[in-house]
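Taking the hints into account, I'd like the entire structure generated from these sequences.
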Amino acid sequence: MTPNFAGLFHALLPEAALVLGALVALAIDLAFGRGRTDAERMQLSAVIGTFALFLAVYHTLAAGVSGPVFGGVLTIDPLAMATRLGVLVLAELTLVISSGSARPRNPAEYVAVLLFATTGFLVMAAAQQLLLAFLALELASLSLYVLAGFDKTRPECAEAALKYFLLGGMSAAFLLFGFSLLYGLTGSIELPIIARQLSAQPLTPLLVVALVMVMVAFGFKAAAAPFHLWAPDVYQGAPPTSAALIASASKLAGFTLFARLLWSGFGAAAGSIAQSYVLPGWLPVVAAVSLASLLIGNFGALAQTNVRRLLAYSAIAHAGAMLLGLMAARRAGMGPLFYYAATYGLATVGAFGVIATVAQTGPCERITDLAGLHRRSPLLALCLFVFVLSLAGIPPLAGFFGKFNVFAAALQINGLGGYIGWLTILAILLSAVGLYYYLIVLKQAIVAPPAKEAPPISVSPETAVALILTAALLIVLGLFPSVILRLFAVTP
Amino acid sequence: MNALPCTIYVSFAGAVLAWLAGLRSAAAARWVALITALTGFGLALHAGAGFTPRAGLQDLVNVPWIAEIGVRYHLAADGISLTLVVLTGLAATAGILFSWNIEQRVGEFFALYLALIGGVYGVFLSADAFVLFVFYEIAIVPKYFLIANWGSTNREYGAMKLVLYSFVGSALVLAGILWAYAAGGGQGFGLGELAAAATHFDHAQQVGMFALVFLGFGILAGLFPFHTWAPTGHVAAPTAASMLLAGVVMKLGAYGCLRVAMALFPAGLAFWQTTIATLAIIGIIYAGLVALVQEDFKFVIGYSSVSHMGFVLLGLAAANARAVGGAVLQMFSHGVVAGLLFAVVGRMVYDRTHTRRLADLRAMPLHRLLPFAALTFVLAGMASMGMPGFSGFPAELTILIGAWKASPLWTLFAAVGILVAAAFTLRVMQLSFFGTTDRSAPHSAPHSIHVLPPITWAERAGALLLIGATVYVGLKPDVLLDWITPALQSPVMQAVFGGAR
Amino acid sequence: MNAHLLSLLVFTPWIGAAILALLRGARPNVHRVVALLFSLSTLVLAAILWRGFDSTVTAPQFVEDHPWIASLNVHYHLGLDGMSLVLVLLTGIVSPAALLASWRQHHHSRLLGALFLLLQGAALGVFVALDFFHWFVFWELSLFPAFFLIKFWGGPGATRAAYQFVIYTIGGSAFMLLAFAAIFATTGTLDFSQLAPLAASGELGRKLAAVGGWWPHAVFLGVFLGLAVKVPLWPFHTWLPPAYAEAPTGASMFLTGVMSKMGVYGFLRILWPLFPADLHRAAPCLIWLAVAGVVLGAFAAMRQTDLKRMIAYSSVNHLSYCLLALFAVAAATAPGTRPESTVAALSGTIFQMFNHGISAAALFFCLGILEARADGARGLNDFGGLRAAAPIFAGLTGIAMFSSLGLPGLNGFVGEFLIFRGVFGLAPWAAAISCLGLLATAIFLLTFWQRVFHGPRLGAARGAFADVHGAEYVVLVPLVALMFLLGILPQLLAGIFNPLVTAWAVHLP
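Protein chains in written order, with this note's numbering: chain A, 1 to 492; chain L, 493 to 993; chain Y, 994 to 1502.
List time: in silico SDA-like cross-link candidates among lysine to any residue, alpha-carbon distance up to 25 Å:
#1 L:K968 <-> Y:D1184
#2 L:K897 <-> Y:T1182
#3 L:K897 <-> L:G990
#4 A:K443 <-> A:T305
#5 A:K152 <-> A:Q360
#6 Y:K1200 <-> L:L901
Here are a few chain Y residues that face chain L, going by a calculated C-beta distance under 8 Å:
#7 L1065
#8 V1130
#9 E1133
#10 L1134
#11 K1144
#12 I1163
#13 L1171
#14 A1174
Hints were generated in silico from the structure; no laboratory data involved. Note that the Cβ used here is the ideal one computed from N, Cα and C, for glycine as well.
Quick look at the structure:
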C-alpha cells in the first residue's frame, strides 16, 4: 500500500473544484455583494456555483474509471463515476432552481453550503474505507442541516433543522459505534479486508450488533421506516430547494455509499431471504425495513393534505423500493438501484422546484394550494405532470423503468420461491396505491379551477429551463434507459 | 402493412400538435385531431387491404431497445391485432366527431384523447410484453384526466375509481409478466420467447402466472366481480371518452387476456377455464339484470357493456378457434355498437336535454324532437341485442357455436344472457325515446315547449360511420373472420386450444 | 330475371321502404300510394312465380344459392316449394289489405308505410329462406317493425303489449339460436336442405348425441321453444291477446294473417325435418298442448268482452289446429302408415294457414271499422242492432265470421275438415276432445254476431253508423270473394301443395 498522492489529487479534482468554487463564491460576495440586491447576489453566486459544478463534471469525466485510488481508500468504479455525475446534475438543477425561484437570504452562503454538501456526496460516492465514508457522510450531513434551517424567518424551518440535526447526530453516533465494532472484529477499516475477514468468521452476536447499528444509520439516511420520522417535518419545514437536495442527491449518494458498504464490505454477512426460510444476516433486516417503508410510505401518504409531507411519505415508499434494488444488487449489479435512485432524484428535484416556484407567489403548503395550476402557469402544470407521473411510475417516464427494472431484478433472485419475491409482488401492488395520492396532486394542479384570488405565476427563465430539462431528462431516460444502464454493464 | 406502426406515431404526434394548436384556436385543435384520427384509421384500412392472413404474427419492427434486460422494440400484427387496430381507428374517428362540441380546454382534451389512442394502437401491435405493458399504461393515465376534467356526474370519483382499477390490474399484469420473465431466466420479454420459456414452467407456476395476468387484464375487460369501475367510469366520462372506454379500452383488457395470459400459459388456462367461464356467465346475466332496473340512461349502457364483454370472456374461456374467433369479432362489434350507444346517450341526448334520468326523458317526445337520434338508437339497440344483420349477431353466434363445443351448459346460460340483453335494451329504448307514445299517436299532441338544438353534421357523420361498420360486418363478417381465423391457427394458439377442454 | 325472382320478391318491399324513407316532404297521399304499390309488388311477383311454378316437383324451385359467409358456411340460399308459395300468396294478399286498413292513419304515413314494407319483406324472407342464417335474419328483423307499429299506433296498453310481444319472441329465438349453434358445432352447416337429409338418415341425431347427457334433447327443445312462442302454442301464448288487441287494425291483420304463420311454417320447414325422431317421441305430449290450445283458446275467447281479444283468442284456437295436425302426424307410429290420414292432416294444416290468414285478417279489419266508427269502443256489449244500421257491413262481417267458424261452402271448412279427418285417423281421442273447441268457437262467434248485429240498437249503432264505403270495399270484397272461391274450389290452392304433401306422407320432408 504505497500512498500515491498524485493519483489521489487527480481523483479528488472534482471535490477540489467544488470547494474552490464555494470559497470563491463567498469571497466574491464578500467583496462585491454589498449594496446589491439579493437577486443579483444570488445570480452571481449561482453562476460561480454552476461553473464549479461544471468543472467538477469535467474532471469526473476526464478522470474516468480509474479503479482504486490511494491504496484503496477511494475507488473510482463505474458506480462511483455514475453517482458523482448524477449528484452533480442534481445539485446543479437544485442550484439553478434556487437561483431562479427560491432566492434565499445570504445567497452566497447558501450556494457555498450547497457546494460543500455536494463535495460530501462526491466523496461518499467513492469512499472505500470506513473512516473516509464517515467523514464524507458527516460533511454532507452537516451541510444539509444548515441548508434545512436556512430560512431563519420561519419557525417551522428552524424546527425542521433541529429535528434533522438531532436525529442525524444520533444516527451518526450509531454509525460510528457500528464502525468501531467492525474495526474491532476485523481489525481493519478497509472494505476489502473487512470482507475477507467476515467471510472467514461466523455471525457472532457482536457482529450482529455492529450490522444493526450500521443499518440504523443507513435507514436514517435513506429515510426508510422506521427511521423516517424526520422526513415529513424536514420536507415540510425546510426551504423547498433544500428539501430537494436532501431528497435527491443526498439519497443517491447515501444509497451508493451503503450499497458499497453492505455488499463489498459486509457481503459475507448478508444472509438470505431468497428461499422460504431466512438465513440471518443484514439482508433480512433490510427486507424488514423495506417492507415497513413500503407500507408506511404508501399508506401514510394517503392521509396527507400537505403536498410536501405527501412527497416525504412518497419518498419513504420509494426508499422501500430502492431497498429492494439494493437487495437485488448482488445478482443484478448496481444498475437497477442506481437508475432508480437517480431518476427518482430527478423527479423529486423537479417536483420541489415546482413547489418552490409556486411558493414565491403564494403559499404552497396544502395540496389545494396547487389548484388551477394549469391556468396559473401551464408550463409548471405540464412539468409537474411529468414529475409526478414519473414518481408514480407511469411509462414512458423514467420512474416507470426504474421500478420495472428493480422489480425484475428482485424477482430474478428466485421468482416467488422466497420472501423477496413476495415482497416484490407487494411492492408492485402498492404502486397502485401510490397512483392514488399522486393523482390527487395532479387533480388539483390540472383539473381543479384556481382559487379566485390566485394570481398567475411567473416562472423565471432559469427555472423554466431547469424544469424543462428535468422533464426532458425523465422522458429521454425513460425511453432509453440503456444510456445509464450501459455504464454498469461491465460490473460483476 | 408496414405502415401500421405509423398509427402509433401519428397519434402521439397528433396529440402534441393538437395541444399546440389548442393554444391558438379550438377549431384548429379539432381539425388536427380529426385529421390525425382519420390518418390512423386510413393507415389501418390500408394495412388491412394489403394484409395477407397467415398463422402467427407478422413482424413490423424488431430492433433492440433495452439490451440490458433483453427488451426489444418489437411490433408485429396478425389478423386479431389488425381487427382491433381498425376498430381503434374507427372508434377514434367517431369519438372525435362526437366531441366536436367540446368548448373548454379543447387542445388539452384532444391531446389526451390522441395520447390514449396512440397507447391503444401500441398495445394492439406489440409483440413484446414490455412494449405492450408500456403502451398499456400510457393508455391508462389520460383516461383519468379526460373524465375528471370533461366528465359529468360524479366525475372525479368515477375517474379515480376507473384509473385505480385499471392500475391495480396493470400491477397484477406486471407481477405476472415479471414472474414469467424471472422464471424464464431473464432472457427477454418477447411474447414468443416467453411462450417458449413457459413450456418449461411447472404447473403451479403456469397456474399462478395465468391467474395474475388474466385477472389483471380481465379487470379492464369488465370481468365480474371486478367490473364495478366500468359503469361508474362510463357514466362519469365525457361522450368521447365513454365511447373509447367501452369501445376500445375494454378491448385492451380482453386482448391482453388472449395475447398474453392465454397464449403464454396454456396450462394455466386449462386450470382456470371453468372459473373464467362461470364468472363470464355471471357477468353477462348479472350485469344485464342490473341494467334492466337502472334509472339512469347511461348506466344502462354502462352495464350493457359489462354484459357484452362477458360474451367476449366466455368466448375466450371456451378456448377453441371458433369461440375465440367469435370473441374477437364480438370485441369489434361491441366496440362499434357501444360507441354508438354512448354517442346517442351522451352527445345526442344528454348534451341537449341535460338529463339522463329515464323518468325525465320519458316525459319528452324525444323520438320526434330528435328523430335521427331515435333512429340511431334503435339501430344501435338492435345491434346491441344481437339482432341478425348487425355485427353482434355473427359474433354471438360464433361464440355460441364455439362455447357449445366446450360446454353446452355455458351456451345455455349465454342464451339466457341474450334474452336479458334484449329485455333491457328494449326497455331503455321505450323509456328514453318512445316514452310518450302511449296514448297519443305521433304528432298528435303539441309539444312545442321542447325545442332542442338540431343534430349537427359531425354527429351525423359519426353515427353513419359506426352504423355502416356494424351493418357491413353484420352482413359480411368474413371481412374480419378471414383475418382472424388464420391468426388462430398459429402454433401458439393451437397449443392453447389443445390444452383446454 | 327468373334467376333472381325470389330475391326480387323479398327485397322489393325493402327497396320500397328505403324509397319512402328518402321521400321526405312529399304529401301523405304520395307516401301511401308508393307504399301500396310496393306492397302490391308481392302479389304480382307471386302470380309470376305461380305461373312458373311446377307443382309436380317437390324440391324447392327458383333456387338461388350463392356462397355468402365462408367462415360459417353460410349460403345465400333461397327456394320456393308449394308450402312457401301458398304463404307467399297469402302475404301478397294480406299485406296490401293491411296497408289499406291503415290508410286513414293521419300521422307519420311515411313511417307507417316504411314499417309495413319492412315487415312484409321480412315475412317473405322467412318463407323463402333455405339457410338458417338469413332465415333467422328475417325472422328476427320482422319483430322490430311490428314492435313499432304496435307501439306507435296501438291502443292505451300498446307499450306493454309490444314489449311483451318482442321479449317473448326474442326469448324463444335466443334458445333457437343456441340450438342452431349446437347444430353448426356438430355438423358444420346451417343449410336446411343439407341438414334435412342428415336428420333423415339419423346422422344429425348421432352427432348431437355425442355431446352426451340431456343435451341433444335440449337442442330440440330450443328450436321448439323458438317456434312455439311465435305460433303460439299453448301455454306460450300469453303475449298474443294483448299484442293483437292493442295493435292498430292494419298491424293486427298482418300479425295474425302473416306473422303467426311464420311459426307454423317453421314447425313444418325446420323442426319436423330436422328432428323427426325427437318430434316423434315428444308428439304424444305435444298433441295435448295443441288440444289445450284448441279448447282453452276457444273457451277463453268465449269469456272475452273485448271483441279484439276475442278474435285474438280465436287465433290461438285456429293456429292450434295446424299444430294438432302436425303433431298427430309426427306421433303416428311410423311414417307412411296411414297415408290418407297423413295427407289429409298435412293438407289441412297448409289450408288452415291460408284460410286463417284470410278470415282472421278480414275479421280484424271489420273490428277496426267498428272501433273507428264507435270512437274506440269495441266491447261485446257496446253495440247492438248494427245490422239494421249497416247491412252490408253486417253481411261481410258475417261471412268472415262463418268462414272462421268453418261453415261448409266457405274456405274455413275445407281446412278444418281435412285436419279433423286426418287427426281422427291418427289420434282419435285428441280429435274428439278438440271438437269441444269447435263447439265453443261456434258459441262465441254466434254470441258476437247476435249481440252486435241483432237486437235493439245500442251504443254507436244508435247514431248514424256509416256502412262500408270506399277503400273498405277494396279490402273486404276481395277477401270475402276468396273465402267463397276457396270454399267452392279448394283445389285451386290444393293443387300447389298436394304433390309436396303426398311426398311428405311417404317420407318426411
